[in-house]
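**Q** Now for the letters of each chain:
Number of protein chains: 4
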Amino acid sequence: MALKTPQQYIESLKDGRVVFCNGERVKDVTKHPILKICRDWMAMDYILQLDSRYRDLITEKNEEGERVSFALMPQRSREDLTRLREIVKLWARVCLGKPPGAKFVAKDGLNAVTVVSQRIDRKYGTNYAEQVEGYRKHLQKNDLAFAMGLTDVKGDRSLRPSQQKAHQDYYIRIVDERKDGIIVRGAKTHISQAPLCNEILIAPCRAMREDDKAYALAFAVPVNSPGITMISAEPEVYEPDNLFDHPIAGSVYINDATIIFEDLFVPKERIFLKGEWEFAGQVAHMFANFHRLSAETYKAMELELFTGAAVLMAEYNGVEKVPHIREKLTWLVMFTEAVEILGRSACENCISEPDSDLVYPNPMYANICKFYFADNWHQATKYIQDIAGGIVATCPSSKDYLNPEIHDFLDKYLGGKEGIPTEHRLRMAKLIRDLTSSYEDVLTIHAEGSLEAQKLSIYALADFDRYKAAAKRAARIQDGTKHNIYSQLPDFPPTGL
Amino acid sequence: MALKTPQQYIESLKDGRVVFCNGERVKDVTKHPILKICRDWMAMDYILQLDSRYRDLITEKNEEGERVSFALMPQRSREDLTRLREIVKLWARVCLGKPPGAKFVAKDGLNAVTVVSQRIDRKYGTNYAEQVEGYRKHLQKNDLAFAMGLTDVKGDRSLRPSQQKAHQDYYIRIVDERKDGIIVRGAKTHISQAPLCNEILIAPCRAMREDDKAYALAFAVPVNSPGITMISAEPEVYEPDNLFDHPIAGSVYINDATIIFEDLFVPKERIFLKGEWEFAGQVAHMFANFHRLSAETYKAMELELFTGAAVLMAEYNGVEKVPHIREKLTWLVMFTEAVEILGRSACENCISEPDSDLVYPNPMYANICKFYFADNWHQATKYIQDIAGGIVATCPSSKDYLNPEIHDFLDKYLGGKEGIPTEHRLRMAKLIRDLTSSYEDVLTIHAEGSLEAQKLSIYALADFDRYKAAAKRAARIQDGTKHNIYSQLPDFPPTGL
Amino acid sequence: MALKTPQQYIESLKDGRVVFCNGERVKDVTKHPILKICRDWMAMDYILQLDSRYRDLITEKNEEGERVSFALMPQRSREDLTRLREIVKLWARVCLGKPPGAKFVAKDGLNAVTVVSQRIDRKYGTNYAEQVEGYRKHLQKNDLAFAMGLTDVKGDRSLRPSQQKAHQDYYIRIVDERKDGIIVRGAKTHISQAPLCNEILIAPCRAMREDDKAYALAFAVPVNSPGITMISAEPEVYEPDNLFDHPIAGSVYINDATIIFEDLFVPKERIFLKGEWEFAGQVAHMFANFHRLSAETYKAMELELFTGAAVLMAEYNGVEKVPHIREKLTWLVMFTEAVEILGRSACENCISEPDSDLVYPNPMYANICKFYFADNWHQATKYIQDIAGGIVATCPSSKDYLNPEIHDFLDKYLGGKEGIPTEHRLRMAKLIRDLTSSYEDVLTIHAEGSLEAQKLSIYALADFDRYKAAAKRAARIQDGTKHNIYSQLPDFPPTGL
Amino acid sequence: MALKTPQQYIESLKDGRVVFCNGERVKDVTKHPILKICRDWMAMDYILQLDSRYRDLITEKNEEGERVSFALMPQRSREDLTRLREIVKLWARVCLGKPPGAKFVAKDGLNAVTVVSQRIDRKYGTNYAEQVEGYRKHLQKNDLAFAMGLTDVKGDRSLRPSQQKAHQDYYIRIVDERKDGIIVRGAKTHISQAPLCNEILIAPCRAMREDDKAYALAFAVPVNSPGITMISAEPEVYEPDNLFDHPIAGSVYINDATIIFEDLFVPKERIFLKGEWEFAGQVAHMFANFHRLSAETYKAMELELFTGAAVLMAEYNGVEKVPHIREKLTWLVMFTEAVEILGRSACENCISEPDSDLVYPNPMYANICKFYFADNWHQATKYIQDIAGGIVATCPSSKDYLNPEIHDFLDKYLGGKEGIPTEHRLRMAKLIRDLTSSYEDVLTIHAEGSLEAQKLSIYALADFDRYKAAAKRAARIQDGTKHNIYSQLPDFPPTGL
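Residue numbers (our numbering), protein chains in the order written: chain A, 2 to 498; chain B, 2 to 498; chain C, 2 to 498; chain D, 2 to 498.
Isolated chain A (complex conformation) (with noise of 0.2 angstroms):
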């Protein structure tokens, strides 16, 4: 069976892959302190596909007869799609609201190359989709944690790949070719995972014009391949395993680096996409098609924590029958059951893409999903601060709360409400700090697209006929266009009674 145990992953990245942490490089990730946070949550994708009770919703029988993780496979119906939200639901439960990234991001840049693949081999003859597929095949034979390289780091943000001023790498290029392949140069920034993954996939982050030829590049490598470096996310704690001060940061490490690509060599068979530059935005705009889901989906699950973090503050302080306490859980009530309404909304009005046989979340409705979570956060983040009182912010370390010397005073005086364990109330204070950390906010605001990124597509798919001849309807305006369902409507008000 290719399904791999825990330890067999963790082996896998004994490979000479070249990472740097907080200054220095990194012997073996495997047993880096703080590398190691980053190492298990990774695991548990491993673990739950093996559980017992998750096997069969998280695995399944490829064509070959394999078992392999359902995430690498195509989804083709509403049911697959809602099939994968129900594993990233138990992902991000599992793991306090953040899937374990094994395959969760990178799976939907695979569904990308799967799908533009075969637009361009209509037009041109390549053979990208046979070489997608067999990429395919090997992440499931192999079953490969991988990366998504996407995000280049863009340097002046005003100007196309190919108009850049201080250098021409700003993003990723192809700088020669050779018979058997290509050598790229470059760096994609924000690669969740990265440092603790098998494989990286690379594909362009935004549409070009034929200027960018160059740039137009899709690929997969082995993360220790030669030329390729690097360098982790400074990581937002400094010691392993205290999940007392910081329950999600100490188990959490996302670890979203940069990595250097200097003249990478790429093999012929793992380039997906190479100067066809009309098709490189396709790869962009697919890849967020696909990654929606994921988004739409993990997002309710941590603000199931989040809301819950919230109501038990006021129940250890006590306020949690305050009037204006109450309006404020309501609000996170609601912010969490609408994100959830939302996402799920996408998944079962989900979009048969035409070029293929896959299928993705409703665009629309998975845009207005993410940009609600991510325009409200600030909000929430505000009202559970507001909740949780001074407390998050001059809490004495858990080192003070378990010193003996000192326990006992701060047992006595940091309790809330009579009956609650003065050592949940700290927990839970801590817990709301790493919730509305820096870090979790520009997460939310940044990662899967940026508000402005959701804007331009809600407003790119909206039915704009629609609105308009509702409009012109009721103003009584004819102007000679037609709507197929508000043309035909009967007059009103009626005439002739």
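Read the hints as simulated data drawn from the structure, not as lab findings.
Any given hint could be a false lead.
Any copy, or any two copies together, can satisfy a pair, since identical chains are not distinguished.
Claimed, not checked - Subject to a maximum C-alpha distance of 30 angstroms in a straight line, what follows is the list of computed DSSO-like cross-link-like pairs (lysine-lysine): (1) K142 to K37; (2) K483 to K329; (3) K142 to K180; (4) K483 to K90; (5) K400 to K32; (6) K413 to K329; (7) K124 to K62; (8) K483 to K32; (9) K166 to K483; (10) K413 to K28; (11) K15 to K142; (12) K37 to K400; (13) K90 to K142; (14) K322 to K418; (15) K418 to K275; (16) K90 to K214; (17) K413 to K15; (18) K90 to K269.
Got chain A; can you put chains B, C and D on it based on the hints?
**A** Frame of chain A, contents of chains B, C and D only:
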């Protein structure tokens, strides 16, 4: 066949009813220049159900094989609810966002007493359910327009019915009991369309205590019963047939009347609740449960029209590409579609009422939908007014525009973008004025329950145990509570790797 | 003495002016049932300045020893501005939040041309300043009511005056030049009170380029000049003297008219800008600078009234102690007082215009004040409507209330808290309807400049260097820039301790 | 002269005080790697007052002719307050938005007991005022750093001090009385800078009732008094001197400590309130009155820095001209300047406390300022994070950037707009992370009183009679009430014209 023609409906209104409007007793409600607006709007219900294109959607054969309004039948499945939603959408689209009220509101009250009467009968051995059923047949057979008399005039809002000080009639109550029925006194307010209905169904608008017993009352009577005086809401328009200046208010006069009941006799067979005070709140609650489908459905249609007006006015002014305008249009699209998604989800995830065979929309989802709509409405009005410009406030009357002495001046000078007829721009400005009137604002906030009512429901419906379980697991708090989802998840971070 | 009595003011309006209202040519503007509302409101200016209690505040001796309206004199010090602010507050408080417009708006245009004419004269040797001064004397001597003709009808908002396509008259322009003056054509819109003024002062509403030269125009003429047609804004009310149902709209009809200028002759001595296109934007800009005092002043008075209505309605309904109501009232208090603080600060920190001896409010503060007011207005309307309840939308006409047939019913049933006369509750509901009309909304957003206009001003006025210096010092960035505050601060953290 | 050098201040801290930090007893607070951050920040107070450029601003001769900190003197005029405001602005600008706390907070407590002690003395013939005065002299003479011990640990927030159930020490209280003083027990929390102060001034944080008598306590003691244990807030940083990654948190450690008082002896002459329970709330209230000046002043300085970071990051990313970015920058400018205007107005319209010769900022204005700042803070963080991009969350450590092995890679790839050194962009990203931390959020909401506290104050201070009089006049309601402004205004509309 039981279905009435619009003419038959209009004829049926000439029945001696006592109606006032703008300070005068109305001789014939079917001929009054302003009430006629309400009449024609109501008549659309009868027009549409006879229209061959819509008949199969809007009407259905009842148990006796008669074709009747589907709205007068009980909905028993998700498919029924979805169909009802389509009917309401059609009604709303035809009538500029406002479903005509022949059965629109009161059907939900009928369902409410259908459910609660069974509960009362079970407890007290009364025969209310049978009487409700009889009334339903009566409505079907005669295809009656009926109004929902829910909201009492209330007096001091901080006091319950029996606590009121100025007098005891702020909530409708029994003042005498006879062998063949009861005598009631009180007043209901905000009763949509009542002066143009055949019947009125009365139900309590709140929970009651034992000393409010005399106020625990539900019944139905024809609106021309002696003792009923209906006083129209002050009309928004003062002249009929001016659809240029008042495209909405000139077409739809909901006429939320104040209705006085002074010693009205109610015959025994039309009483559905009488003194069983512990059920009063249940009727109000069940009405809300059923009625949410309506609100959640027509508002999205209203927003189609609203957003269309914003887009068109932006185009007519030549500013549709200005970034801040696009931003606002995007927001309006999102608002429109989110209301549709939330409303539809409420239907698709409907609840089977356990004491009957009826279904109603998921109340958590429906409350979120209504709150989201109403809470954001004023933001929407700000945006559309910002886009449209001062002309919404300062536009001359259409009578000036149509006055040959100055028509050419106005036509020349009040034009916008080249190619757009000035008349279209003026009509759109007038439409936007109507859409953002104080009347529309207040309707949005208060119809179908106030913002606070939704908040209370959301809080009451919240699955706090799930949220708390998620937060405790994240904070590593073990306090002995168990949760069916969270307590059985695997450990995280994993141990022993 | 130069001050007119209200009767003299009214007499002065009978001068053959061409005014339309509601589709008809108005014979005598002083006798028209609706225009009379505007007339009486305007007359308050004349009543107040003759009132012995206010005369010393509102009027002042001019250089020739004549007592004239202080508003017609140039303000030259912080004390002058503060006094003007007190005058505007009085006007606004007397007239329910809306200062009567005899000089209220156009005085700011007069100041604008006072400033800019001096600049033009300096550059071109013209004698505009003297002509402006002559006009100021004329206004003072005759105590004239004058309107400000600023906003052109604009056509396609994305095009400048000379780029318009449908025709060339979307902005007022010179069409011919004669020895003794010029012939102009075009139209101005949203011109408050013009049909009830004596004079109109015309100025450009935007910056222009050289090819817009023919549109760079400022002048003044009597409103009865041949070639002027004034078309009233559609009135909010249709009957005079109904102050019960329309306490605001029945008292104040601003009548923001559309005014057509077809081949109007302007005599030489009343021209203040003619073709000096580079100064067109300066006039518009200086008008805004002066006019902000008005907006920043009367809006706080409007909010006193608004917030008072919310408090009273809460009390009348018996809900003033409900937590969510108190929360909303608190917000309204804050809104009211913040507008007052911001407006007053703008005056107290006024700017001395360097090219003249005039002062105007601090433009950064004044823009913030206006934006804050307008941006939050819809929130305020949501709150007051939420507090007041559905009666704002559904209340019967006062004619019903005053109809003896049903007065007692309504008096009995529409009462609120014990001890509050029902009439008071109904009057308050009607007041709130008026305060939250579409008209008030649009006026709030668009009068005195749109929200976007304020944003542009704030951005343009921002002291970005100060902000950037603060941030660079914090981030320890030394890029060679210096700042007078930040560059000389001591090191932090300190060294050597 | 009484002024200390920074070295003398530091020496004064070596006094045997009991301080814990991160789980360990701190031997010497002046040498601890993290507490040193707090020490140096505090020392800035002493550095600045000796700086010849600032001495005349910051220090003043007291009645005995000694030059002392102006902050330790009572402010008696608008000029004094304005000067104090300038001092706080300087402190804040020097120290990156956070005034060093040597006297910053507790001076306001000193003023509070100055006022209230006189009231108690008048009622009870006590001599508290004299003792306060003695303490003030002691502070001046020795130029002491003193902390304000206001907030009790509170336990169950829904219960008053004497109602607490788990134990009776959730609010500090007298447990024994001796001839020469009292023995107290309890704990205070969020006590800024206490571990680096010389003294602590204790006062009640809420109003009390008679049965809370034992908790009505105000006094002052040196922080090294036996019985005092100070437990530091968990530090935001774990290593000193890393100002690249933590430009704010590495420079300013406010250390809002939790302080345990177990059987502390307080000598008689340092007691300022003891059992006079009806004055407990007054002390808390007066502290807030005085302290608002601080909050209203430094926050605008903090925002200068904040907004500067947003502008610079926009420029570094090359997006400063993108419309939605400009919109957000405009909002930040407005936010910054509005906080300055509101804060300054509070000072300029100060209140003379009637029972003393002290002045404090206008409490309505000051509360509005604080609320406005805190209520909008999360919006501001959303905007700056949106502008800055994902790099705020994913940037590698500066140690990576400074590591020669990979420095050139990072320098090449993490650059933004041409011409901007990569280091500047990284430093700005780190600054923004620090500025938007959970710590900063919570500080903003809860320091100087929660949002709810401001709302309560605003409601309590509102001039509802004025608002109501305005609304009644508009609605033509005459109910017999009179108002000094509104009742004497002339009739409107005027009659008899």
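**Q** Does each hint fit the structure? Answer for all of them.
**A** For each hint, the structure was consulted:
1. K142 to K37: within (25 angstroms within a copy, 56 angstroms between copies)
2. K483 to K329: So K483 and K329 pass the 30 angstroms test across copies only (26 angstroms; inside, 46 angstroms).
3. K142 to K180: within (28 angstroms within a copy, 84 angstroms between copies)
4. K483 to K90: So K483 and K90 pass the 30 angstroms test across copies only (19 angstroms; inside, 44 angstroms).
5. K400 to K32: both (24 angstroms within a copy, 20 angstroms between copies)
6. K413 to K329: within (29 angstroms within a copy, 39 angstroms between copies)
7. K124 to K62: Result: close neither inside a copy nor across copies, 33 angstroms intra and 56 angstroms inter.
8. K483 to K32: Classified as neither; 67 angstroms inside a copy, 35 angstroms across copies.
9. K166 to K483: between (49 angstroms within a copy, 27 angstroms between copies)
10. K413 to K28: between (45 angstroms within a copy, 25 angstroms between copies)
11. K15 to K142: within (19 angstroms within a copy, 67 angstroms between copies)
12. K37 to K400: both (22 angstroms within a copy, 20 angstroms between copies)
13. K90 to K142: within (25 angstroms within a copy, 50 angstroms between copies)
14. K322 to K418: both (13 angstroms within a copy, 27 angstroms between copies)
15. K418 to K275: between (64 angstroms within a copy, 27 angstroms between copies)
16. K90 to K214: neither (39 angstroms within a copy, 49 angstroms between copies)
17. K413 to K15: between (48 angstroms within a copy, 29 angstroms between copies)
18. K90 to K269: neither (37 angstroms within a copy, 55 angstroms between copies)
Consistency with the previously given hints fails for numbers 7, 8, 16 and 18, ordered from lowest to highest.
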